[in-house]
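S.K.: Sequence:
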Amino acid sequence: RAETAACFNEAVRGAVAARPGGKLGLLEIPFAQYPSSMSEQPEPVPRALVRWDGVHLNQGLAWSWFHKALVKARCERRDELACERSKAIGVPPFPRQAKLPRLSIIIFDGSGLNDAGFAKAVSEVLSKHYSIDWLDLATEFVGRATGQAMHSAARERFAGSAAVLVKSNWGWIPDRWSRRYLDPGAVPVLLHISGARLPPWYPGMEKEYLEGDGDEATHTKYVGADAIDFYKVIFYESRIYGNYTDPHKCAIRAFGIDTTVMTSLPPPASHESGERDIRILFVGKFADYKRPLDLLDMMVDGRIADAEAQILKSRGPHSATKDPHPARVVAVGDYEPVMHYPEGPGIADALRAGGVEVWEPVPYLKLAALYRRARLVVVPCTETGGGERAVLEARSCGAAVLVSEDNPILLELAFEYPIPSHTFYGEQLLAGVRCVLGGDGGSLAASPGCPDFCRGAV
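Residues 1355 to 1812 (my numbering) are what the sequence shown spells out, left to right.
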């Protein structure tokens, strides 16, 4: 650990020197608690809040630097086997099993690790069958090469991978990069659609992707209907989105939350009172697509009052009627980076003017505790504005949920039962990967887990 710490310090200083004054996202653990292997990795947290020698560290960058530091430490102490294996896979080799086929997962800027349900699905289900290789484009590839040089770098990077899973919404950086630089004939590529943007082959979407993605889109042949042939399997998050996946031959629903953290029962060692002292809670980015200001409208037009009446009704006729609602209304979120969310400061000011307490984002465990304090969680996002995890997490923690009537995806999730867990999430991902690699990483015929509607498609 001491050798790794020294290497990590060196990596951080080099990065800071290259980006003077840079302020990035954060990872909420002191370096003394950093693991010695991926098996000890702590639960990922969104926008963690710690510093390293006064520097804010983005979670994806922090882990990338940690991995490289661990590799360097092992190489410097002449642990040749660990050194070579670490170089080959790009992350710490322990507790990897050499005979497991490698599944590479492409994310951007820590996005996959910030999704606690996905991260736990990978660590508790997929990692039992595959050697997991996380690749963060923000640290490994973006801005470092273009054209044929990038094609060659990508081909070399995934030469030992049995398959590549891309976690991205359609048209976001990992999807665009993968369709531009990966060769699906050399390694099978799967897409986890992280969002609700319509696919490129949907009527009217090809032009939108070309216009929105600029030069990157025009340099790949896998646009429009041709994108059907690029991804062997696509995973989607809500049942409603499944209606848009035709004509792809193998589309599987895979979604869930970490139900060991998001639970109505607080941890035994916690000091939570069990009282729901927050009347209304909003959690999310202060951005137009999240529609946080709808919270104020709902308080005026009666939607909040109707929801609260339903909460009281569900408690039975003997529930207290005197001051039945706590007074606090809380919005948890931010608008960083402000260049991407210029509307954010105005939204925060309007919320404060409306009597809402505005809090900065909190780590995952504290977010669960917040949900357990809330009586009603408002998730007013647009149909492509996310909010799926917030709905499920709030419900799992025992809070009532109010969503906008014009968002069928969140309306569906607000009433789905049972709440999909990280275990379900992982099992669905595993089924899709097995459609490509087979049950033992070999032929499709060996796969017992491929859904019937996918057989023969991949």
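Everything labelled a hint here was simulated from the structure, so no lab data went into it. These numbers were taken from a predicted model, which means no experiment stands behind them. Warning: the hint list may mix true and false statements.
To be verified - Derived DSSO-like pairs (lysine-lysine); straight-line CA-CA distance at most 30 Å:
hint, residue 1, residue 2
1, K1720, K1639
2, K1482, K1667
3, K1453, K1482
4, K1639, K1482
5, K1720, K1667
S.K.: Hint by hint, say whether it matches the structure.
M.R.: Results of checking the hints against the structure:
1. K1720 / K1639: holds, 17 Å
2. K1482 / K1667: With Cα atoms ~45 Å apart, K1482 and K1667 exceed 30 Å; violated.
3. K1453 / K1482: holds, 12 Å
4. K1639 / K1482: violated, 34 Å
5. K1720 / K1667: holds, 29 Å
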